[in-house]
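*Asks:* Here is how the chains run, residue by residue.
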Amino acid sequence: MKKFLIPLVLFVVLVVFLAVGLRRDPHEIPSPLINRAAPDFSLQTLSGNTPFSPQDYKGRVWMLNVWATWCVSCREEHPVLVAFAKQIGVPIVGLSYKEIQPQDDPEKKLTPDAQLSLARSRGSVWLERHGNPYTLSVMDLDGRVGIDYGVYGVPETYIIDKNGVIRYKQIGPVTPQILTETLLPIIRGLENS
Amino acid sequence: MNLTQYLKQQLRFISLGWTRVLGVGALLMLLWVNPLLAKEAEPMASDAQVEVRLVHIADELRCLVCQNESLASSRADLAEDLRAQVREQIVKGKTDQEIKDYLVERYGDFVLYRPAVKPMTWLLWFGPFVCLLIGLVILLMAIDKRNKRIQSQQLATINATAPDLNLTPDSHLGSQAQESVHHEHKE
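Each protein sequence line maps, in turn, to chains F and W. If you want the working numbering, it's the position in the first sequence, counting the first as 1, plus 929. If you want the working numbering, it's the position in the second sequence, counting the first as 1, plus 2.
Only chain W is shown next, with the shape it has when bound in the complex (with noise of 0.2 Å):
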């Protein structure tokens, strides 16, 4: 090893040395500052996480004044006394669930953006899905019908342009066809 290299080496070491002395001081800075911090900052965590849940449970309730507005987002002065009461018993350690028991006791099921499903609120809750299955039983009822007349339609032309094959709905057509047209015999 040349006087060179050697002197690099120690350089190199200095320097890494230096900056190991420079990050334990500022590590120990920190330390020392952040009790300090710590005091005014756990304070709005703690507030933060209330506003957080706040706006969670707010923004599943109904503002009673302006009814298409919802807690959260309402400027009406009750909704501000009522986030106040939401407020007061989340820092009371509520749960979600007993905070909106408080609400509905007062005002209803109507505070509830999701009422709960019980049978009152079965139609509701079920109403646009039983809606939507008849829609879908008439539409089948309607296609089946259309398919029917097409079917006897198409038999009949047939039979007018060449009464010669003189096709009964049993010879040459689809087996819905056949059926088709005996259940319209039998009406």
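Next comes chain F alone, as it looks inside the complex (with noise of 0.2 Å):
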């Protein structure tokens, strides 16, 4: 008895790392940037009116969504994000993350303002077919801002408190349940601290 012991108990521990190790979803890669403060940027809005910064939240508490016309993931998570945007009761800001793509504009003949102007009309279209739960959108044209934040892929939620710090940070599209069991806890919470 005593000499399957010691086979078992390695077999158990392999059996618990394995179990652990591959039900994680190796495309999560925990963010550095939790609970340190938001990265700062100004960026032009998608309606146009004046930049944003995240200055301009201090004191509230806020959402970041990153966002594209071409994200497919994007189109799964929308319609929670616009049906539940009441529920969520913060200011959701868009992030439209480098809307114009290389194989948009090849010969890179687009200039800066001709980029920002094609990005802002087909970003309003998409958010008119689509519905719009954003209080608004910046645009990031270059994906700089986006680096900042260590975006690494589309659609990415953050979820900022009342002094400017990130506090959570959601790889990939938000769920129904998602949204209710650990977005909304959390928003909660840091509203009332």
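Honestly, the hints are just simulated from the structure, not real lab data. Note that the structure is predicted; figures quoted are calculated from it, not measured. Any given hint could turn out to be false.
Unchecked claim - Calculated pairs, SDA-like style, for lysine to any residue (alpha carbon to alpha carbon, straight line, at most 20 Å):
#, chain 1, residue 1, chain 2, residue 2
1, F, Lys1098, F, Ile958
2, F, Lys987, F, Thr1109
3, F, Lys1091, F, Ile1017
4, W, Lys150, W, Val139
5, W, Lys96, F, Lys1015
6, F, Lys932, W, Lys96
7, F, Lys931, W, Met143
8, W, Lys120, W, Glu62
9, F, Lys1091, F, Pro968
10, F, Lys931, W, Arg148
11, F, Lys1037, F, Trp999
12, F, Lys1091, F, Leu1113
13, F, Lys987, F, Ser1122
14, F, Lys1098, W, Glu107
15, W, Lys102, F, Pro961
16, W, Lys94, W, Val106
17, F, Lys1015, F, Glu1110
18, F, Lys1098, W, Asp111
19, W, Lys102, F, Ile958
20, F, Lys932, W, Ile140
21, F, Lys931, W, Ile140
22, F, Lys1037, F, Arg1073
23, W, Lys102, F, Arg965
24, F, Lys931, W, Arg151
25, W, Lys147, W, Gly137
26, F, Lys932, W, Ile145
27, F, Lys1038, F, Arg1049
28, F, Lys931, W, Lys147
29, F, Lys931, W, Ile145
30, F, Lys1015, F, Lys931
31, F, Lys1098, W, Gly137
32, F, Lys1098, W, Val67
33, F, Lys932, W, Val67
34, W, Lys102, W, Ala86
35, W, Lys102, F, Asp1077
36, W, Lys120, F, Asp1077
37, W, Lys102, W, Arg85
38, W, Lys102, F, Arg1073
39, W, Lys94, F, Asp1077
40, F, Lys931, W, Leu141
Dock chain one against chain two, each of which comes alone in its own frame, and use the hints as you go.
*Replies:* Written out as structure tokens, the structure reads:
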């Protein structure tokens, strides 16, 4: 009996390691930005009024949702955000990430201004068709702000607290389940603190 | 010195002279052409240096989209953007470490194919050696046990075939066998 004990223990340890390791999604990389100040930026908005900066929302809890019209998973996520926008109850800022893709402008003929206006018209058409859950959207054409926030796939969603600190990062589409079980409790908690 | 010898010598001087003239001429031409070339070549040279450093740095970084590829070899859009960032920072004169820190700040230790040695990564760095050590200890213990078993078996066979000898562990076998049998008695 004793002879089998050690291999059995080793086997159980191995099974536990594999069970935990294999269930994890390797695409979900923990962000080093959690509990750190949200990187500052100042970007043009989709509606074209004044540029937006995270400083504008100091003292409020808000959400930053990375999206693009070319992003397939965003189509899955978008109706959820539209349906829950009221329930979320905090400003949702859309980060229109690299709307103009290299294949849209293969000869790199578009000027920055032309890129911006093309991205704006595409973005607004898309939001009109699919609904607009965003308080406002900012245009990150070159993806620079995306890099500062550690974006490596679209969609991604950040929750930022009253002090401008990133508290949570959701990688991949928000589902109703994720929203009600994870995001909403975090938002409510931050609002009350 | 006769005439033919004299002529031969003169001829050699002349040809040597011409070689020199040609050589100097060619050199002058090079010197004249060189500055013209340099204007074109210089940025190319520094670009190549930047590219070499870029590959050197990006080879050590993981592409976050296709995780088993390095930033140097990936064709993902994000990898291209990040390479552009690295290139920009090289041109700005940042050190390799500063550039890596910049990416770790945004994407975490996961971007490094060679994560820093710190308490968080001790298991990663030293785990395999610890496992090797444990394996070695188990192996040595197993070999020791096996040796002892064989020796006591041999003793038993000898005693069975030649009971007259009546060997005890103390009598004729090596010291190892004596020890092993003693141990077994104690157990």
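*Asks:* Output the indices of the hints that this structure fails to meet, ascending.
*Replies:* 2, 5, 6, 30, 31, 33, 36
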